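S.K.: These are the residues of each chain, in order.
There are 2 protein chains.
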Amino acid sequence: MHEKNRTEIATLGEFGLIKHLTQGITLTNPESKYGIGDDAAVLEFPKKQVLVTTDLLMEGIHFDLIYTPLKHLGYKSAMVNFSDIYAMNGKPKQITVSLAVSKRFCIEDLEDFYDGLKLACQRHQVDIVGGDTTSSVTGLAISITCIGEADGKNVVYRNGAKETDLICVSGDLGAAYMGLQLMEREKAVFQGEKEVQPDFAGKEYLLERFLKPEARKDIIEQLAHSGIIPNAMMDISDGLSSELMHICSQSHVGCRIYEDRIPIDYQTAVMAEEFNMNLTTCALNGGEDYELLFTVPLTKHEEISQLKDIKIIGHITKPELGCALVTRDGNELTLKAQGWNPLKG
Amino acid sequence: MHEKNRTEIATLGEFGLIKHLTQGITLTNPESKYGIGDDAAVLEFPKKQVLVTTDLLMEGIHFDLIYTPLKHLGYKSAMVNFSDIYAMNGKPKQITVSLAVSKRFCIEDLEDFYDGLKLACQRHQVDIVGGDTTSSVTGLAISITCIGEADGKNVVYRNGAKETDLICVSGDLGAAYMGLQLMEREKAVFQGEKEVQPDFAGKEYLLERFLKPEARKDIIEQLAHSGIIPNAMMDISDGLSSELMHICSQSHVGCRIYEDRIPIDYQTAVMAEEFNMNLTTCALNGGEDYELLFTVPLTKHEEISQLKDIKIIGHITKPELGCALVTRDGNELTLKAQGWNPLKG
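Going down the list, the protein sequences come from chains A and B. Using my numbering, read the first sequence as starting at 1 and increasing by one per residue. Using my numbering, read the second sequence as starting at 1 and increasing by one per residue.
These are computed hints drawn from the structure, not numbers from a lab. No experiment lies behind these values; they were computed from the predicted model shown. Every residue, glycine too, gets a C-beta built ideally from N, C-alpha and C. You can trust all of the hints, since none of them are fake.
Chain A is faced by these chain B residues, among others (derived, beta-carbon under 8 Å):
1) Asp39
2) Leu43
3) Phe45
4) Thr54
5) Asp55
6) Leu56
7) Met88
8) Thr96
9) Thr134
10) Thr138
11) Ala141
12) Val155
13) Met234
For lysine-lysine, the following DSS-like pairs were computed, each having C-alpha atoms within a straight-line distance of at most 25 Å:
14) B/Lys336 x A/Lys19
15) B/Lys308 x B/Lys203
16) A/Lys336 x B/Lys19
17) A/Lys33 x B/Lys47
In silico contact screen, one side only, chain A against chain B (beta carbon under 7 Å); selected entries:
18) Val50
19) Met58
20) Gly60
21) Thr96
22) Ala100
23) Tyr157
24) Arg158
Go ahead and model the full structure; you've got the sequences and the hints to work with.
M.R.: Put into structure tokens, the structure is as follows:
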């Protein structure tokens, strides 16, 4: 946050602030008919299905501004919503952005936030079409709604997984969680001794995964290009284990995934060792990966194997078999949804 | 808020809570293809334009739970969003609801909130299609996004007002503001002496206007029935003066409104006198009326005059004439947008 060169928000007022932050925002998608400046945005999707997802992020629960630059926070706030639209096999098209800010924040802080937001939108061809900026008694609250589109026949739900389907996951898992652990450790050190400079050398990937996740547009494009429509899909925000159990329970099936197939980056493994944490547990329950988890028919084995950055980690079973992880030594461990739960916090 | 019979939210967890609150929610609109339970809701508007509006309401800024029952808050949170959709000459069809709650709240509190929300949705044929429930360090945050539809040619923006247009307003103004003042006074009294029971006899209308506003679906229906499409429209949330200046500035016109034509309820007038406040100022700047402000061509004078609960309060002028109120004694006072500004608070 800006400590020097602060311009107090009160100098602009609500309308002035919205105008200031949204100036220069233009609409690029033909589906965006009218953006910021009226009672509602006007969109048009004559031949598509309209996807709507929303997220509410609260300071102190979902992010810690001690180690989260506001530009990164803006970027991430948009990305996590795009990720939900991709998880339906759709394309994000518009977002609305609502912020509630306390007096602690200055205009420069919000400019940083919007810079991150705009960068994310630019990379994913998404228009900012509306929002709300207001005050808060304490802390920052961010609410983003993302609107996307999909061909009706291509929408992929969580409930379509079928027996013998292959379970696939993009990228690698657990890195964002390790990035968070690292940040928390450095924060504790920093609060103890102010002179110590954090050393993140060799751990950049973990920090990036945590601070600046990328929604997997590329995976959706690859799948479309190969003509593969998953039977079930969701994005991994609360951890692989929790999400897989959602798919299985909504699809009335069971699953087996294999410990040795879970994709994990080298830095994640090094860090887990340093923290003396179980690596598989981190990858299963870590959360905030924003990778895609999906199932495809067994007949697609060859095609899916050829796609970049997608790994087959197991298969769907009859419901009676439950959901389990097959460990390296061949044991079966029942999966548990111990995913990140902000309501227990 | 519930003080006895509290069930702690932690007993259910995030997914359990969402399931509990949303059970029994069914989709009634053909445009709602899939609601709660996946990464995004799926909607379909093949022949319509899609309207999107969003609001973020923060405890301590937008509402005070000392005098706002949670059921009313749920009802109002939905209504203010419906109002924005009507203000585009559209029909609200779906909402998503995100809540961030601190430990102070129990499950029964959130049930009350949802009861109000559901009642509002039922009355306006709106489906609850998604949302997010999470925790907050302090207080309650409510973010609602409303999706509506309109025929492309019928969407009414703020920027279409034309010289000689008649300026119309529905209902009456200033009552919600008086309701707020009354609540604030009773709160102060109550905090001083716990034995004093507030006496709201004869002031029920003011309280209802503040606690339980009604979005003016009926006005939109009347206009449609009469074949009248306003040139410009918005809803009055920040006060007549502020909203009229938005219409004029976006339409590049001026206006004259007449003090003696501003619709004011008898209870509002009595209360203003009791508080020793200027009644016209309250009606111009009060806010939270959620009435519709719109302009229609002069040729519609006769038709509009016959409609129920709509009053012509002035007319649009050339931009050079600015925006002014013509007082009862014939003076012209320049309008000021001193509407409610939570960022100055």
